[in-house]
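Enquirer: Residue numbers (my numbering), protein chains in the order written: chain E, 1 to 126; chain D, 1 to 287.
Just to be clear, a hint being listed does not mean it is correct.
[Stated by the list, open to error] Computed list of lysine to any residue pairs in SDA-like fashion (alpha-carbon distance at most 20 angstroms, straight line):
hint : chain 1 : residue 1 : chain 2 : residue 2
1    : D       : 210       : E       : 105
2    : E       : 86        : D       : 283
3    : E       : 17        : D       : 137
4    : E       : 17        : D       : 200
5    : E       : 17        : E       : 86
6    : E       : 117       : D       : 274
7    : E       : 86        : D       : 286
8    : E       : 17        : D       : 133
9    : D       : 210       : E       : 10
[Stated by the list, open to error] Selected chain E positions facing chain D (in silico; Cβ < 10 angstroms):
hint : residue
10   : 15
11   : 19
12   : 68
13   : 88
14   : 92
15   : 101
16   : 106
Please keep in mind that the hints were generated in silico from the structure rather than gathered at the bench.
The structure displayed is predicted, hence computed values, not measured ones.
Every residue gets a Cβ at the ideal spot worked out from N, C-alpha and C, and that includes glycine.
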Amino acid sequence: MKILIVDDFSTMRRIIKNLLRDLGFTNTAEADDGSSALPMLENGQFDFLITDWNMPGMTGIDLLKACRASEKLKTLPILMVTAEAKRDQIIAAAQAGVNGYVVKPFTAAALQEKIEKIFERIDANQ
Amino acid sequence: MSDKNDNALAKAGNAARDAETAELAAAGAKSFTDALLARKQVLLEALQRGDMGAVADHIHQINHARDETLYFEVGRLTRALHNALRDFHLEIGLHSNAEVKHELSEMADARSRLSYVIAMTEDAANQTMDRVDEAAPMLQKLVDESEAIRKDWQVFQAQSSDSGAQSKALMERVQQFLQRISSDGQGIHSRLTDILMAQGYQDLSGQVIKRVIELVSDVEQSLVRLVKLASNVEEVAGIKRPANDTRAERDEKQRIQAEGPQINQQKNQDVMSGQDDVDDLLSSLGF
Numbered sequence: 001m002k003i004l005i006v007d008d009f010s011t012m013r014r015i016i017k018n019l020l021r022d023l024g025f026t027n028t029a030e031a032d033d034g035s036s037a038l039p040m041l042e043n044g045q046f047d048f049l050i051t052d053w054n055m056p057g058m059t060g061i062d063l064l065k066a067c068r069a070s071e072k073l074k075t076l077p078i079l080m081v082t083a084e085a086k087r088d089q090i091i092a093a094a095q096a097g098v099n100g101y102v103v104k105p106f107t108a109a110a111l112q113e114k115i116e117k118i119f120e121r122i123d124a125n126q
Numbered sequence: 001m002s003d004k005n006d007n008a009l010a011k012a013g014n015a016a017r018d019a020e021t022a023e024l025a026a027a028g029a030k031s032f033t034d035a036l037l038a039r040k041q042v043l044l045e046a047l048q049r050g051d052m053g054a055v056a057d058h059i060h061q062i063n064h065a066r067d068e069t070l071y072f073e074v075g076r077l078t079r080a081l082h083n084a085l086r087d088f089h090l091e092i093g094l095h096s097n098a099e100v101k102h103e104l105s106e107m108a109d110a111r112s113r114l115s116y117v118i119a120m121t122e123d124a125a126n127q128t129m130d131r132v133d134e135a136a137p138m139l140q141k142l143v144d145e146s147e148a149i150r151k152d153w154q155v156f157q158a159q160s161s162d163s164g165a166q167s168k169a170l171m172e173r174v175q176q177f178l179q180r181i182s183s184d185g186q187g188i189h190s191r192l193t194d195i196l197m198a199q200g201y202q203d204l205s206g207q208v209i210k211r212v213i214e215l216v217s218d219v220e221q222s223l224v225r226l227v228k229l230a231s232n233v234e235e236v237a238g239i240k241r242p243a244n245d246t247r248a249e250r251d252e253k254q255r256i257q258a259e260g261p262q263i264n265q266q267k268n269q270d271v272m273s274g275q276d277d278v279d280d281l282l283s284s285l286g287f
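Only chain E is shown next, with the shape it has when bound in the complex:
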């Protein structure tokens, strides 16, 4: 299981990386915005994407849309972990095809639950 973590704050990337390690996911990579993440996703074999929304350069919502428009990445599971908490934003992310949405500040348990739920649903659909 290879996971890409995208956030412009290195602090948050490190927190998520540590949490994933505790959950047993040790194969992670990092990017600091959508425009650096997209080529990594296109060229690498990632199984899961965790992305922030508010980033300079390419935002998380644009990255999400770019993934869904890509033949290779259209089914990639994507979890948004963001401080953006407006109703319209969450609806926009859902419509763009996000698989899960966690608002910051979040707990370790909340992140774990969302990740497990995403994989349960994927398993159920297969």
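Dock chain D against chain E, hints included.
Expert: What follows is chain D alone, placed relative to chain E:
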């Protein structure tokens, strides 16, 4: 002493200028209204006569009056701005000696100070996480080792032929202590995770500070534009609006544009108050 006097004078000056500004603004609005009213009758008459040349002429004159009011307002704002900037520099003492001047101009540099706060909090968060990263494996080793010893100890305890009350009590205490290392180890590990999660403050506060930095830059740029605009007042008549986005697209962009952490959740009904609300919304969307 003289500083106090300067301040008092500056304040009195400000108050006088504020009053003057309000008066001038009222005068500006009034002159345009007057010009409009004065032309109302002749414009109506021209319309009734069907004299389109005269109608166009009157409308042109009304426009001209409006533009003049606008030029006047821009000029007034610019003067007020110049005064405010000049006063600001005077108040923080930018006219005094070079050393003080250097320090104060640094003080005035809000953006670099805010960037410094982001860098410092990032550094502090990383140091905290370094310690957590060091402590976690140390703790894990302790727990693993005590688990291994506990298993051996249980066997040893069962096989022990020492039936003295003192020895038995001591063996039991060791057994319980080894067990406690495991259970407390878990408790400590979950607290280390809490410490790690708490470092998320750096991201959230950093996002807010970044927005303030953007705001300061925007205000700065707007001020520069305003001053340029006033110095070349003819441009005012042809105010250009961005022609790219249609209104609907702009609204949509604004509605879902990234805003960073919500610092006034109670006041904004559009904002989810926590993960539970977000989950409710998502499940209503079929998630």
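Enquirer: Are there hints from earlier that the structure breaks, and if so, what are their numbers?
Expert: Those not satisfied are hints 5, 12.
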